[in-house]
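Asker: Each chain is listed here by its residues.
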Amino acid sequence: MMGPSIRRRLVLLVLASIALVWGIALVSSYRQASREIGEWEEARLAELAQILALLDSTSLSTLANARIDVREEEKGGEPGASLLDDDDTLPRDALFQVRAANGEVLAGSPQLRALAAWDLPLPAASGAQDIVLGGQLYHSFTLRDTTLGHSVRVFEPANTRSDLVSGVASRIARPTLIALPVLALLVWVSIGFSLAPLKILSVAIRSRDINRMEPVGIGRTPIEVRPLVDAINQMLSRLHHSLERERAFTADAAHELKTPLAAIKVQAQVALAEPDVGLQRLAMQRVVQGVDRSARLAEQLLLLARLDAQEKLPTEPLKPATIARNTLLANLRNAQQKHINVMLTGDALAEIDAEPVLIGILLDNLLDNAIKYGRAGGTVEVAVQHADERVQVCVRDDGPGVAPDDLARLTNRFFRAPGNQATGSGLGLSIVARIAGHFGASLQLGVGIGERGLAVKVSFPAYGAAHRSMMH
Amino acid sequence: MRVLLVEDDELIGCGVEAGLRQAGFTVDWACDGHKASLALDTTRYALIVLDLGLPRVSGMELLKRLRDAGNDVPVLVLTAKGSVIERVGGLEAGADDYLGKPFDLTELIARCRALLRRAQGRSIDLIRYQNLTVNPAAQTVEIDETRVSLTSREWAILLQLLTHLGIPQSRSQLEESLYGWQEEIESNAIEVHVSNLRKKLGAGLIKTVRNIGYVMEKP
Chain A
1022 MMGPSIRRRL
1032 VLLVLASIAL
1042 VWGIALVSSY
1052 RQASREIGEW
1062 EEARLAELAQ
1072 ILALLDSTSL
1082 STLANARIDV
1092 REEEKGGEPG
1102 ASLLDDDDTL
1112 PRDALFQVRA
1122 ANGEVLAGSP
1132 QLRALAAWDL
1142 PLPAASGAQD
1152 IVLGGQLYHS
1162 FTLRDTTLGH
1172 SVRVFEPANT
1182 RSDLVSGVAS
1192 RIARPTLIAL
1202 PVLALLVWVS
1212 IGFSLAPLKI
1222 LSVAIRSRDI
1232 NRMEPVGIGR
1242 TPIEVRPLVD
1252 AINQMLSRLH
1262 HSLERERAFT
1272 ADAAHELKTP
1282 LAAIKVQAQV
1292 ALAEPDVGLQ
1302 RLAMQRVVQG
1312 VDRSARLAEQ
1322 LLLLARLDAQ
1332 EKLPTEPLKP
1342 ATIARNTLLA
1352 NLRNAQQKHI
1362 NVMLTGDALA
1372 EIDAEPVLIG
1382 ILLDNLLDNA
1392 IKYGRAGGTV
1402 EVAVQHADER
1412 VQVCVRDDGP
1422 GVAPDDLARL
1432 TNRFFRAPGN
1442 QATGSGLGLS
1452 IVARIAGHFG
1462 ASLQLGVGIG
1472 ERGLAVKVSF
1482 PAYGAAHRSM
1492 MH
Chain H
10 MRVLLVEDDE
20 LIGCGVEAGL
30 RQAGFTVDWA
40 CDGHKASLAL
50 DTTRYALIVL
60 DLGLPRVSGM
70 ELLKRLRDAG
80 NDVPVLVLTA
90 KGSVIERVGG
100 LEAGADDYLG
110 KPFDLTELIA
120 RCRALLRRAQ
130 GRSIDLIRYQ
140 NLTVNPAAQT
150 VEIDETRVSL
160 TSREWAILLQ
170 LLTHLGIPQS
180 RSQLEESLYG
190 WQEEIESNAI
200 EVHVSNLRKK
210 LGAGLIKTVR
220 NIGYVMEKP
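Protein chains in written order, with this note's numbering: chain A, 1022 to 1493; chain H, 10 to 228.
By construction, these hints were calculated from the structure, which means they are not laboratory data.
Honestly, I wouldn't trust all of these hints.
Listed next, the in silico BS3-like pairs over lysine-lysine satisfying Cα-Cα at most 30 angstroms (straight line) [as the list claims (entries may be wrong)]:
id: 1; chain 1: A; residue 1: 1286; chain 2: A; residue 2: 1393
id: 2; chain 1: A; residue 1: 1393; chain 2: A; residue 2: 1340
id: 3; chain 1: A; residue 1: 1279; chain 2: H; residue 2: 216
id: 4; chain 1: H; residue 1: 44; chain 2: A; residue 2: 1393
id: 5; chain 1: A; residue 1: 1359; chain 2: A; residue 2: 1340
id: 6; chain 1: A; residue 1: 1286; chain 2: H; residue 2: 44
id: 7; chain 1: H; residue 1: 44; chain 2: A; residue 2: 1279
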C-alpha cells in the first residue's frame, strides 16, 4: 500500500480546486448566458409582435398560413448554413394571433387551434408570459392595444431557448475538459520539480558517513525546506556533542584504567626483582591495592554508564539517616585508621522517595571522600535535616578543603583537585551528582566544619512533598 | 646516578622508585610539578623520569621551563595518553624518550640507562677504563676479567667519576649523586667509600684534587 504522498495530495488538491472554481465559473456563465438569451429572446418576441402589429389583416392571414421560422429570421435568410452549424435542429415555429380591440380574432397561426389556444384569453397588460400548450412550454409575448387598436400575441416553443443555452455551455465547457488533464500533468511535473530539494536532502542524508557530523548543506535551500535542514543540523550538532562527550568519557575512562594497571605492573615487577622478602611483600600488597583500585574504578564506570542510560528506577520511601548509619559503619575502619571521629546528627525520621542502593552509593562516596581527604585526627559529620519539604543530607569534614576555583570543577568526571595525595579516580563526586540528579535532588558544595574542609549538601524533596508534586 | 622521578600516582611512583633503586639509581620522587621545579632548582640530576599528567604544573610545562632555562638533562616522559600527537608533542617539547602506561619496569630502566649513556657520549653500555670493565646495567666491575664486588655506594661513586672523566667531582656533588631526599648523609662517608674503592681497584685509579674533591683522569 502506498503511503501518503505530498505530491499526490497537492496534485489532487490543486486539481480539485481548479475543477471547483471552473465548475462555479461554468455554472455562473451558464446562468448568465441563459438569462441573457432569455432576455434577448423576449426582446425578439416583442419585436416580432410589434412588426405583426403594423401589418394589415390581408398580410396577417397570408403570414398565418406560412410559417415563421425563428432561425431563418435569426440567420437572415440562410437556411442551409443555419442548419449546418446550429445544434438546434428542432423546428422553431413561432405562432401568433392578432385580435381586434373587441376581442375578435383577425388572424392567427392555424396550429393554435390544434393546441387549443385559439380562444385563450389575453393577459390584461403587455408583457412576456410562459404558458403550457398541448403539454409543451411556450414563451409568449403579448402586445396590447397597438396604434391600430389590435392586440398581438406571439408564441414560441421554449426548447429553442434551452437548446441555444446548452450549446453555449458546451462550448465553454469543452476546452475546460481538455485542459484539465493537461493541467494535471503540468501540476504533477511542477510539484515534483518543486519537491526536488527534499529528494536532494534525503540523498545527502542517506549517503552521509555515520561519523560525519558537520551540518548538512544542500546549496540554496528553499524557505520551506530550511526549517527541516535547520532541525536536522541542530539534531546533528546535539548528537555530535553527545558523541564527543561519550568519546571523551571513553578516552578518559581508558586513561584512568591505564594508571592503576601501570601501577600493578610496576609493583609486580618490583616484587619479582626484589631480593628482600619484606620489601617483596610490601610490593605485593601494593599490587593488591592496585587491583582493588581498578576494580573500584570499573564499578564506578559501570555505575555511571547505567545512570547515563537514565532508566527510571523504582523508588520507595526511605530514611537517609538509616542508610547513613549503615554507610558510617561500613567506613568506620578507614576512619579509625586515620583517627577520624565520625558523627551522625539530625532528623532520624526524615524520609525521601528514592532507591536505597543508589542512595547508599551516594552516601558511601561522600563519606569515603570525607575520610580520604579529611584531616587525620579530625572530624567527619553526616547531618540529615528536614525543613520546607526538603530533606538535606550534608557530609562535612575539617580537612584541607578545596580551593574556591576548583569547587565548580569538583563534580566533573575524572577531575581531581591538584595536590591531593589520596588515591582516587575523580569519579566519586560526579557519581554523587548523577545520583542526586536522578532523584531530583540538588547538590551544593561549600566550606566544611569550622571554616575548614569541604561540605557537600544534597537536598532531596521530602517524601510527602515529592509525592504531592507528582500528583499535580 | 641521581634521578628525579616526577609522578603523581602514589602506587606507580613508589613502584618506579623501588625499581630504579634496585637498578642502582639514587631516586628523588616528586609527586607534583611544583615540587619537581623546586627539586630541579636545588639539585643536579643525571636524568628525569617525568609523568605528563601532573597536578599544579603539568609535565609538559615543566619540560618547557626546563629546556627554556637551558637545562639539557635527559628526560624520559611517561604518560597514559598514548596518542601520536601527545608523543610528538612531548618529544618536541624537549623529551628524549617516551614510554606509555602501562610500561614494563625493565624497559623503563633500560631506556634510562640508554639515555644516560647517550648523554655521556657512549653508544654501548660497557665502560672500559684502563684495565677496568664496568657494566652499569649489570652493576658489575671487572679488573682484567676478574669480578670485583662493590657496595652500592662505592658503585655509585665509581660511576659518577667514570661518567665525568677529567672533571673533578666535589664531595657535595658525590653526596648528591649518592643520597636521595629521605636518606641521611653520613659524615666522612665519601672519604671512606673512596678509600675502599682504591683498595679494591688500585690506589692510582682515583686522584684527590686538593680542596676540591676527586677525579679520574681522562685516558
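Asker: Is it true that the CA of residue 44/H sits at most 30 angstroms from the CA of residue 1393/A?
Answerer: OK: residue 44/H and residue 1393/A at ~22 angstroms, within 30 angstroms.
Asker: Taken at face value, is the distance from the CA of residue 1393/A to the CA of residue 1286/A at most 30 angstroms?
Answerer: With Cα atoms ~25 angstroms apart, residue 1286/A and residue 1393/A stay inside 30 angstroms; holds.
Asker: Given the proposed pairing of residue 1359/A with residue 1340/A, does the C-alpha separation stay at or below 30 angstroms?
Answerer: Cα-Cα ~28 angstroms, so holds.
Asker: Between the alpha carbons of residue 1286/A and residue 44/H, is the straight-line distance 30 angstroms or under?
Answerer: 26 angstroms, holds
Asker: When you check the alpha-carbon spacing of residue 1279/A and residue 216/H, does it fall within 30 angstroms?
Answerer: 49 angstroms, violated
Asker: For the pair supplied as a hint, residue 44/H and residue 1279/A, is the alpha-carbon distance within the 30 angstroms limit?
Answerer: 24 angstroms, holds
Asker: For a C-alpha distance cap of 30 angstroms, please report whether residue 1393/A and residue 1340/A respect it.
Answerer: 25 angstroms, holds
In summary, the one numbered hint that this structure violates is 3.
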